[in-house]
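**Q** Each chain, letter by letter, is given below.
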Amino acid sequence: MNVAIDLANLVAIALIIYGLHELNSPATARRGNRFAMGGMAIALAGILIRTQGIGWQVVAIGVAIGAIVGIYAALKVKMTAMPQMVALYNGAGGGAAALISTVEHYVAHGSSMNDVISVSLVLSAIIGSVSFAGSIIAFLKLQEVMTGRPLTYPGQQFVNGVVLLAILGLAVWFVVTSGTLPAWGYVVLLLAALLLGVLFVLPIGGADMPVVISLLNSFTGVAVAITGFELDSTLLIICGALVGASGTILTVAMSRAMNRPLTNVLFGAFGAAGGTVVAGAGGAPQQVRATSADDVAVMLAYANKVIFVPGYGMAVAQAQHSVKALADQLEKRGVKVLYAIHPVAGRMPGHMNVLLAEANVPYDELLDLEDANTELPTADVALVIGANDVTNPAARNVPSSPIYGMPILDVDKAKNVVVLKRSMRSGFAGIENPLYELPNASMLFGDAKASVDALTAAVKAL
Amino acid sequence: MTDISHLVSLLTVLLLAVFVGFEVISKVPTTLHTPLMSATNAIHGIVLAGAILVTAGLFASSHGAALTILAVAAVTLGAINVFGGFAVTERMLEMFRRKDSGR
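So the sequence lines, in the order shown, correspond to chains D and G.
Going by the numbering used here, the residue at position 182 of the first sequence is 182; the numbering climbs one at a time, nothing skipped.
Going by the numbering used here, the residue at position 38 of the second sequence is 38; the numbering climbs one at a time, nothing skipped.
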């Protein structure tokens with residue numbers, strides 16, 4: 001029987017890896033997701049057979065609640081809220097890993113465990129707890145239950161350092177005593193790890209969320225892989241490692257897209273009130289040219305090529321369907337419409353792509369940073385919809401700017417740039433955007449959705 | 001001795017899985033990064049298997065109600081990951097279509 005289960009696990013792992021492989025193209029991705037689902041089903045069936053239904057009541061209750069909550073949330077969540085959703089899922093995985101370690105610890109309590117188990121148990125408890133608590137804070141920030149601004153206080157790094165040292169000390173104590181330390185030791189360890197998770201996400205601002213979510217994703221993967229050592233399960237080790245690798249790749253890609261080392265994102269508190277010196281700010285207000293929907297509509301309708309540049313503002317205004325309606329109107333008139341997507345536009349990797357896919361925008365019209373920058377110089381109009389810092393030419397030519405060196409979308413190279421913006425408030429990072437003062441740029445003020453709808457109506461009326 | 005060699009073989013599995021993960025994931029295009037994240041949420045839902053194992057271990061010995069509650073919580077969180085993760089990924093991927101495939 002055990003051999004059969006081992007073989008089933010092998011098949012399960014093959015299906016999961018192949019499923020991830022199929023995510024290499026939108027055309028095969030759905031099939032890939034189903035392969036992974038099949039693999040997961042086989043793996044879980046194997047575990048149920050192996051445990052012969054011991055404790056089935058607990059499993060039945062947990063799975064019933066989890067399935068109902070999970071599927072309900074998955075079907076109901078708005079696409080604009082995906083970052084929060086993924087943050088919660090990261091937290092759930094980390095929390096489960098920490099709980100598993102905790103139950104293991106108390107089941108074995110009093111009797112000493114071998115070093116592999118004690119080390120992996122304590123590590124998965126720590127990393128799982130950090131991921132759990134950090135994800136909850138990330139969720140609260142994304143859901144705007146709490147401010148998206150970085151929360152900083154004097155001596156922050158010092159406090160984090162003390163908590164980290166306390167955790168390491170307790171962890172060493174745990175391993176040295178083979179897990180037979182007094183009960184309070186383990187409880188304090190867990191609480192300290194939860195506190196560290198909270199402290200580590202608090203100072204990170206909303207615009208840096210793509211990095212944090214990716215990093216927490218990776219933490220959860222690592223916690224699960226380590227749980228695999230604790231439970232002697234290659235299934236958990238492999239799946240955890242895959243997720244850890246994925247989260248790490250995304251974390252690196254996001255940091256690179258902001259041209260900031262990870263440490264700067266985590267400890268820099270970018271955009272903290274008064275924290276960042278704003279280059280060129282404090283001077284005279286920017287001289288910009290405001291325009292009207294009718295003027296922009298004419299410009300768009302008689303263009304050959306228009307490139308939309310969506311940002312977080314589009315998500316906030318839920319404007320993706322309006323954007324698609326405008327694109328349809330323009331395409332009807334023979335205008336070529338493309339979309340330029342910056343990797344860190346929005347609050348998580350690929351956020352804009354999902355929103356536009358929801359609005360039925362074909363994925364072959366979505367350009368990544370590189371392709372967008374080859375297309376932009378030949379575009380008649382670049383229409384910036386709720387994006388700011390990712391279009392700031394200061395990143396290219398003002399060495400004193402805090403975002404200098406960040407790869408941006410070169411919208412200023414299009415023949416005309418129209419920026420849809422709520423007001424002249426600076427972007428998240430509080431950095432002035434010289435784009436708005438360029439001779440080929442004009443501003444259309446108002447809510448992104450209202451402005452796009454007005455443009456669509458005006459184009460239709462031409 | 002056998003303990004060590006077992007540990008080494010687990011570490012080997014880990015190492016290979018990390019390499020495979022980097023190879024496979026680095027080929028996922030940026031446009032699918034959000035579904036990739038939710039799919040990996042579902043995949044780390046394999047902790048559900050761990051939660052089931054631990055629950056079985058718990059029930060094989062005498063235990064208090066508090067631990068049972070923790071076990072239920074672990075199973076629930078794992079199940080949320082598996083079911084929610086795959087469902088939301090499926091829902092998102094359904095939306096990705098090519099230009100001429102119509103609607």
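Keep in mind that a hint or two might mislead.
[Claimed, not checked] Covered by chain G, according to a simulated footprint, are these stretches of chain D (three or more residues, beta-carbon under 8 Å):
| # | segment |
| --- | --- |
| 1 | 21–27 |
| 2 | 192–206 |
| 3 | 357–363 |
[To be verified] Pair by pair, the computed Cβ-Cβ distance ranges are:
| # | chain 1 | residue 1 | chain 2 | residue 2 | range |
| --- | --- | --- | --- | --- | --- |
| 4 | D | 396 | G | 66 | 53 to 63 Å |
| 5 | D | 7 | G | 26 | 43 to 53 Å |
| 6 | G | 26 | D | 290 | 24 to 34 Å |
| 7 | D | 262 | G | 27 | 15 to 25 Å |
| 8 | G | 26 | D | 261 | 17 to 27 Å |
| 9 | G | 60 | D | 152 | 42 to 52 Å |
| 10 | D | 3 | G | 60 | 31 to 41 Å |
| 11 | D | 52 | G | 65 | 18 to 28 Å |
| 12 | D | 262 | G | 3 | 34 to 44 Å |
| 13 | D | 232 | G | 22 | 21 to 31 Å |
| 14 | D | 252 | G | 60 | 52 to 62 Å |
| 15 | D | 162 | G | 26 | 17 to 27 Å |
| 16 | G | 26 | D | 331 | 31 to 41 Å |
It should be emphasised that the hints constitute simulated quantities derived from the structure, not laboratory data.
From a predicted model like this one, the values you see are computed outputs, not experimental measurements.
Every residue gets a Cβ at the ideal spot worked out from N, C-alpha and C, and that includes glycine.
**Q** Each of the hints needs a verdict: does it hold here or not?
**A** Evaluation of the provided hints:
1. 21–27: Satisfied; 6 residues make the cut.
2. 192–206: violated (count 0)
3. 357–363: holds (count 5)
4. D:396 to G:66: 53 to 63 Å: Distance hint for residue 396 of chain D, residue 66 of chain G holds at roughly 59 Å.
5. D:7 to G:26: 43 to 53 Å: violated (30 Å)
6. G:26 to D:290: 24 to 34 Å: violated (44 Å)
7. D:262 to G:27: 15 to 25 Å: Roughly 23 Å apart at Cβ, these two residues keep to the hinted range, so it holds.
8. G:26 to D:261: 17 to 27 Å: holds (20 Å)
9. G:60 to D:152: 42 to 52 Å: holds (49 Å)
10. D:3 to G:60: 31 to 41 Å: Given range 31 to 41 Å: violated, Cβ gap about 22 Å.
11. D:52 to G:65: 18 to 28 Å: holds (23 Å)
12. D:262 to G:3: 34 to 44 Å: Taking Cβ atoms as reference, residue 262 of chain D and residue 3 of chain G lie about 36 Å apart, which means the hint holds.
13. D:232 to G:22: 21 to 31 Å: holds (25 Å)
14. D:252 to G:60: 52 to 62 Å: Taking Cβ atoms as reference, residue 252 of chain D and residue 60 of chain G lie about 43 Å apart, which means the hint is violated.
15. D:162 to G:26: 17 to 27 Å: violated (38 Å)
16. G:26 to D:331: 31 to 41 Å: With a Cβ separation near 34 Å, residue 26 of chain G and residue 331 of chain D satisfy 31 to 41 Å, so the hint holds.
The structure fails hints 2, 5, 6, 10, 14, 15 (numbered hints given earlier, in ascending order).
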